[in-house]
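Following the hints, complete the assembly by docking chain B onto the known chain A.
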Amino acid sequence: MSDLAIQTSGLTRYYADKCAVDQVSLGVPRGSVFALLGRNGSGKSTLIRMLLGLLEPTRGAATVLGEDCRRLSPATRGRIGYVAESHPLIDWMRVRDLESFQKSFYSPPQWNGRMFTAVVDHFGLPAKARAGKLSRGQRAGLSLALTLATRPELLVMDDPAMGLDPVARRTLLEAMILVTRNAGHTIFFSSHVLDDVERVADHLAIIDNSVLRVSASVEFFRTRVKRWQLSFAGTPPPLPLAKIPGLLAAHRDANELRLTIANPQPETPQVLASLGALSISELPLSLEDAVIAYLGERGEKPSLLQSTQLEGAAQ
Amino acid sequence: MKAIIWKELRENAKWAVLMMLGLAAGFWACQANPDHVDRQLLVGTTMMMLTTLGFSAVGFALGLLQGLQDSGTGRWGFLTHRPISRSRVFFAKALAGVLLYLPATALPLAVTACWVAAPGHVAAPFEWHMVLPRLADLLGGLMWYFAGSLVALRRARWIGSRLMPAGMALVGSMAAFVLPMNFAEVILIIAAVLAILIPAAWGAFVSGGSYEPQPLVARIMTTLCVGIGIFCTFGAAAGMSQDMLRTLSRTEHFQDQARYEIAEDGRILIVKNGPDGSAQVTDLKGNPLPAKLAQSRPSSAAVSLEEFGPRNPDWRQYYWGFQRDTRYLRRCGTTGWTTWYYVVDRGTIEGFDTAHRQFIGSLGPNGFVPPGLHAQPFAELLYTVGSQGHGYNSRMVAAGATAAYQIDVEHKSVIELLDTGPADPILNGDVARDWSGVSTFVPFAIVVTPKTVHVFEDGKERFTVPKRHGMPDTTWLMVSRIADGRYVFEYESFTWGKECGWVVETDNQGQILHETQLPNLPMNISTDPWWTDAPMVVVYPPGILPARLWTLAKSDTDRVEHREVLAAMVIAVIAVLLTCWRLRRVPTSRAAKGWWLVLNALLGFPGLLLLLSLRQRVAAAACPACGQRRLVTGEKCEHCHAPFNAPAALGIEVFE
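Protein chains in written order, with the working numbering: chain A, 10 to 324; chain B, 9 to 664.
Hints in this document: simulated from the structure, not taken from any laboratory.
None of the values given here were measured: they were computed from a predicted structure.
In silico lysine to aspartate or glutamate, EDC-like type, Cα no more than 20 Å apart, as pairs: (1) A:Lys-27 / B:Glu-643; (2) B:Lys-601 / B:Glu-220; (3) B:Lys-293 / B:Glu-523; (4) A:Lys-252 / B:Glu-661; (5) B:Lys-293 / B:Glu-500; (6) B:Lys-601 / B:Glu-646; (7) B:Lys-10 / A:Asp-106; (8) A:Lys-137 / B:Glu-19; (9) A:Lys-142 / A:Asp-100; (10) B:Lys-644 / A:Glu-65; (11) B:Lys-644 / A:Asp-26.
FRET-style restraints, in silico, Cβ to Cβ: (12) A:Asp-26 / B:Leu-76: 26 to 32 Å; (13) B:Gly-659 / A:Asp-26: 26 to 32 Å; (14) A:Pro-38 / B:Arg-18: 39 to 45 Å; (15) B:Met-182 / A:Asp-100: 36 to 42 Å; (16) B:Ala-32 / A:Ala-136: 34 to 40 Å.
Glycine included, each C-beta is placed from N, C-alpha and C at the ideal position.
Chain A with its partners taken away, still in its complex shape:
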């Protein structure tokens, strides 16, 4: 048995002439909590739908729990739990109807009724409520309850926290942590909420404009992205971008420059010193800041505060 729950190789998907996922090759270790990050429209949902066989890849290959994603057998699908984006449910069904519906597809040892009840109670879902009448957070809870009760070996969630309030999000996180108590169970989820990723994920991947830029453990990722602050006597000079390899973002203030750099090399501090700064100091960088540096626009960019001050001065 492979130690990867998901493995893709050059997985590509086009919608007409637009490339939504461009040759993504990644591996999701078994037992990991793997976060897939990217901006809206970067291709996260497309990638997840291809992995589950809901969408045909244009090119490339992927295996999920050792099976080709194009031909997932019913048995393998039974080992994969899927919480789709925006939590689609059958709106006219009541909570208990959905439980019966879902339960009927799984044999008794696999269906964990206690887990369903626990999650439903945790989210405070009345058994008689119709799915269509539930709030967004309640729908997420119900989707999760329906999925977790099937004891999935691999739990795939497409932006499960989208639109949830902080309390619902925290509950969702707790439920995810509950799953990882079982050794060998894997969670693969996409999200925009970096705080949540930092709390639960041990691996992450970043897709930027359909191209995979990062796939690593969170710890490894932290070691490969650094931020420096450069102080100048006056206005910082224009940046020679080509001379600073791996530059992700540069923020300019009155007489300071903050640079976020990926894969810093031993000579990087010397390169920065050549810019004529009075002082150079390495700043602590949170995972959230590091990821945002990837997802934002490359190169130099004034802060929004500075932009508004400049605009005010011009007027």
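Just chain B now, with coordinates in the frame of chain A:
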């Protein structure tokens, strides 16, 4: 699987009930129509239209609804990401759909049938097997159900080819209406169409609506369904355009028509109607005669000289087809408040009181029998009864293969006119219409066999004359009684572009007085300009040309014109070139490309539309190795076989 069936039943039951109520309202309106008091609803045209269209609409709507409800990205994933195969999900949905469709359609039909069967509701005969044509419509609705499913599931543009698979159900419904002679044949036709539609709908479901990933059998069936839809749509559009162009072109090419008529005094007239409707009357030599001669007509009876019985293939489907009302009963006479029907399967003529909607008795060879007793059935199928739709009256001639009867429903009497025996079987018969306006008066009747024309007056044979030979089967014989009791037998043969024939005049004892050959009368059939055929180019399949050349090689009158041959060749070449151009951007094997080229050389432009509808164009990107545009679906460049390069690195990549 049970859970999916239950979910589908719960989800769509409201729609099924709504459709059932709609159908019930339609059936109720049909029976409530006072004009239908003395019509047998179940085999009548109105009910037939209601069930054919209504059941098809219900089937199509249910299939469409069921498909669309789960076609959204989220719902489809929720439904199919389960530890059961997609095929099982599809068949569970389909089973639920059928379980909803059947009661929605069968209940209103069953209630209507029971209402019709109960005495006192409809003044017409009823037999339970009269429900079978409507049951055939009900089963035909299943074709529309799966067509609706396919339309909903197949991924295509609504303004493009999305609705095309409905063409398959349309063709199936038409075939099930026109072709079958019995219920088993209906089932066979419906089963054959379902054998195409179900795999196509199944393929669309398991592949998420895409064409390429479908199993081969599903792709073939989808191709058939869409192809037939394209031919139906564009054929209809081209036909309408052609009719419009022909109508426009004819305003300048009006040609008046000429015909022969017999005057009351026996003179043969040539009557020409001009564009303004005025009649020009001349004798055979072209001398002008007063127009009023053509307005007063002698009593006459007219029959076709071809065999009218079920053995004649030309009439077989039309009168004895399973879906035809004439297959079950024929309204053959009315007198005041009574209506009489010949009931085909019982072999008797049955009368009903239309005021009280009650059965009043039946007529057989042994005469009238009141209710409670059974009339003796006629030994043979009476295939010509009364005037065959030219009007109703109280007296008629009814003819079987060897015996003919004069039936008077007003006096409830049956007179056997003749029994010819199998050597000289009866072709046809008719009662003469009296143009003086006295509808119940029957001056005479005729019965025609291959050798003889029998003339009857007051139920007795007046005389016989030998039937004139050497006339085509399609000839019509019109027998007129003119002044002094003389008879004129006018044989008229219509061939393309002319009218000709013979006129035989006899005295009132059948002695031939003289015979006159009618010269050819040019009918001035206007020919349409060549450009009116232009719309048909859109749907002309060049592959049909060899078959047309072969069949028309034996024909004296029709032939394939040079411009058709030229058009077929040009269409085939253009279709092949456009297919080649399109296939450049379609990822498929060489063999499949070869098949498409052959298919489109045979099908022409509809084949090209089929290709456009089914095989989606895929993106192409410049190959960094050879510079040519390569399809993004292949792992390697189709020109230089170089693999795709990884996306350009920006130096920010972090891979562990």
